[in-house]
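J.: Sequence:
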Amino acid sequence: MKILMLNGINLNMFGKRDPAQYGTVTLDEINASMTKLGAELGVALEFFQTNHEGAMCERIHQGFADGVDAVLINAGAWTHYSYGIRDALAILTCPIIEVHMSNIHAREAFRHHSVFAEIVKGQICGFGADSYLLGLRAGVSAANNAKK
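Following the working numbering from start to finish, the sequence shown increments by one per residue and tops out at 275.
Treat the hints with caution; some may be incorrect.
Stated by the list, open to error - Simulated restraints on C-beta separations:
| hint | residue 1 | residue 2 | range |
| --- | --- | --- | --- |
| 1 | 129 | 217 | 17 to 25 Å |
| 2 | 214 | 166 | 28 to 36 Å |
| 3 | 218 | 146 | 30 to 38 Å |
| 4 | 211 | 234 | 22 to 30 Å |
| 5 | 257 | 144 | 13 to 21 Å |
| 6 | 155 | 179 | 13 to 21 Å |
| 7 | 191 | 144 | 28 to 36 Å |
| 8 | 249 | 169 | 20 to 28 Å |
| 9 | 180 | 275 | 30 to 38 Å |
Rather than coming from a laboratory, the hints here were simulated on the basis of the structure.
Keep in mind it's a predicted model, so treat the numbers as computed, not measured.
All C-beta atoms, glycine included, are put in the ideal place defined by N, C-alpha and C.
Could you build the full structure based on these sequences and the hints that come with them?
T.: As structure tokens, then:
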């Protein structure tokens with residue numbers, strides 16, 4: 128099973144950006160934890176982070192072409208307004224899990240809305256770096272159920 132983990136705008140700054148919201152863990156540390164859990168679950172993970180919306184869309188298109196089994200995405204602020212990324216995600220035929228470290232529903236009003244909500248299998252938010260691990264477990268489960 129192959130799972131694609133997508134990280135969007137500003138997430139390369141985890142560990143430095145707003146530690147009150149995001150803690151001090153870095154994206155590399157999150158990826159290492161996910162790789163470890165992925166090995167335990169018997170799945171291969173591919174990681175991609177960009178601050179460029181077009182690059183994110185192109186990577187999603189490549190995920191479709193590659194036939195990934197599930198996609199996990201933390202698009203950062205793009206979650207709330209990027210219809211381009213939403214449309215790219217809608218092309219996918221595999222389960223999509225939306226992940227956020229902070230509880231977007233307990234933050235500023237503009238963060239309460241996800242333009243991806245209607246097309247994702249589910250959303251996990253508010254558990255810090257553990258949101259990624261929970262998202263990976265959810266992605267694996269959803270991919271396995273999709274194969275039945």
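J.: Please go over all the hints and tell whether each is borne out by the structure.
T.: Verification of the supplied hints:
no., hint, verdict
1, 129 x 217: 17 to 25 Å, "holds, 20 Å"
2, 214 x 166: 28 to 36 Å, "holds, 33 Å"
3, 218 x 146: 30 to 38 Å, "holds, 36 Å"
4, 211 x 234: 22 to 30 Å, "holds, 23 Å"
5, 257 x 144: 13 to 21 Å, "holds, 18 Å"
6, 155 x 179: 13 to 21 Å, "holds, 20 Å"
7, 191 x 144: 28 to 36 Å, "holds, 30 Å"
8, 249 x 169: 20 to 28 Å, "holds, 22 Å"
9, 180 x 275: 30 to 38 Å, "holds, 35 Å"
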